[in-house]
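Next come the chains, spelled out residue by residue.
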Amino acid sequence: MSETELEGIVESPWSGGASPFAINSKKLGMWLFIVSDSLTFSALLVSYAYVRLENPNWPRPFEIWPAIAKSSFMTFVLLSSSLTMVLGVNAAFKGDRKKTVRYLIATMICGLAFVLIHATEWMTLFSEGVTPWSNPWGTPLFGGTFFGLTGLHMLHVTIGVAYLGIIAWGFGKGKYTADHVEVSGLYWHFVDLVWMFIFPMVYLLSVNPK
Amino acid sequence: MSAHGNAELTHEHPVGSTKLFAWVWMWLLLLTAVEVFLAYERIEVHLMITMLVGLSLIKSALIMSYFMHLRFERLGLFLLLVPAMVFCICMMLIMFFPDSIRLMNLRPH
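Taken in order, these protein sequences are the chains called H and Y.
Take the first sequence: its letter number 125 is residue 125 in my numbering, and every next letter is one higher.
Take the second sequence: its letter number 51 is residue 1051 in my numbering, and every next letter is one higher.
Any given hint could turn out to be false.
Said to hold, decoys possible - Quick list of in silico lysine-lysine cross-link-like pairs, BS3-like style, CA-CA up to 27 Å:
| hint | chain 1 | residue 1 | chain 2 | residue 2 |
| --- | --- | --- | --- | --- |
| 1 | Y | K1019 | H | K27 |
| 2 | Y | K1019 | H | K99 |
| 3 | H | K94 | Y | K1019 |
| 4 | Y | K1019 | H | K98 |
| 5 | H | K175 | H | K70 |
Claimed, not checked - Which chain Y residues stay away from chain H? Per the calculated CB distances, all over 10 Å, these:
| hint | residue |
| --- | --- |
| 6 | L1047 |
| 7 | R1071 |
| 8 | N1105 |
Said to hold, decoys possible - Covered stretches of chain Y (in silico footprint by chain H; criterion: 3 or more residues with CB under 8 Å from a CB of chain H, positions within the stretch not fixed):
| hint | region |
| --- | --- |
| 9 | 1025-1039 |
| 10 | 1057-1064 |
| 11 | 1072-1083 |
| 12 | 1093-1099 |
Read the hints as simulated data drawn from the structure, not as lab findings.
Each residue gets a CB set at the ideal place from its N, CA and C atoms; glycine is no exception.
Can you make the complete structure from the sequences, with help from the hints?
Set out below in C-alpha cells:
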C-alpha cells in the first residue's frame, strides 16, 4: 500500500475506510482481549464481594506486618515494572534496540520478583492451614475466593513474563517491530491494572480489625 | 486527537516523555500509600470501601490513559472499548446491589 493511499484511508474513516481507529490490528486485538479479560476479573471480584457479604463472620486475617507490608511492596514492584515497560515502549519507537531489551528485562525481573514474593506468601498461608477449601477461621469460601483471585492474577503475571521474554528476544534480534513491544506493553499494564483492584479489595479490606 | 498522515497511524514518534511517565508513576504510588494508610487507620468499613473503590478507579484511569496510551489514541477507540466494558460491569452490579443493601439492613449492628 502506497503512502498516499494510506493517508486517504486515515483521513476518511467513516466513508468505508479500513482504519477508523488509526491503529494496527494487533493492537485492536489486544484491546478487545483486555476488555473481555477485565470482565472475567470483574465477575470474580463481584462474586467475591457477594459471598463475603453473605457471610457475616468473614475472616479478616491480615496483619499490617507482615502481610500488608508485603503486599504493599508487591504493589510497588508491579507499578515500577509498568514504568520500565512504558519507557521500553518509548525506546522501541526511538529505534534503540539495546535500551528496549534492557527495559524489558528489568520489567521481567520485577514481574518475577512479584511472583516469587507472592509464592512465599502463599506458602505462609498453607503452613497456617489455609487452603482453597478450608481455613482455621471458619467460612471456607475465604480460601476459595482468595486463591481464585490471586491465583488467576499470578497466572497472568507468569504468562506476561514469558510473553515479554519472547518479545525481548525477538525485538533484540530485529525480528519484531516496535508495534509488537507496544502491544505486549498493553497486556503488561492490564495485569498491573487488575492488581490495583485486587490489592485493596482482597488485602486492605481484610486487615485484622483489632 | 485529529490524525493526519502516516506518522500517526504507525506511531512513528513515541508518545509521552520519560518525565510524564515518572510523574504518573509517582501519583500511582502516592494513591497506593493513601490506600495503605486507610487500612492502617482501620477506618469505618463503609467509608473505607467507598474510598478504596474511588481511589482504585482513579488509579486505573491513570494507567489506561497514560501507560496504555489511551489518551494519545483517537477518541473512537476509547468509545469502542470503555463504555461497553463499564456497561457490562454495571450489569453484574445490578445483581449485586439489591441483595447487598437488603442484607446490610437485615444485619444487626
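Comparing the hints with the structure gives:
1. Y:K1019 with H:K27: 25 Å, holds
2. Y:K1019 with H:K99: This hinted pair holds, its Cα atoms lying about 17 Å apart.
3. H:K94 with Y:K1019: With Cα atoms ~16 Å apart, K94 of chain H and K1019 of chain Y stay inside 27 Å; holds.
4. Y:K1019 with H:K98: Within the cut-off at roughly 21 Å; holds.
5. H:K175 with H:K70: Given pair K175 of chain H, K70 of chain H is violated - Cα atoms ~39 Å apart, limit 27 Å.
6. L1047: 12 Å, holds
7. R1071: Consistent with the label, R1071 of chain Y stays out of reach of chain H, its closest Cβ about 12 Å off (over 10 Å).
8. N1105: Since the minimum Cβ distance to chain H is about 12 Å, N1105 of chain Y lies beyond 10 Å and the statement holds.
9. 1025-1039: holds (count 8)
10. 1057-1064: holds (count 4)
11. 1072-1083: holds (count 6)
12. 1093-1099: holds (count 4)
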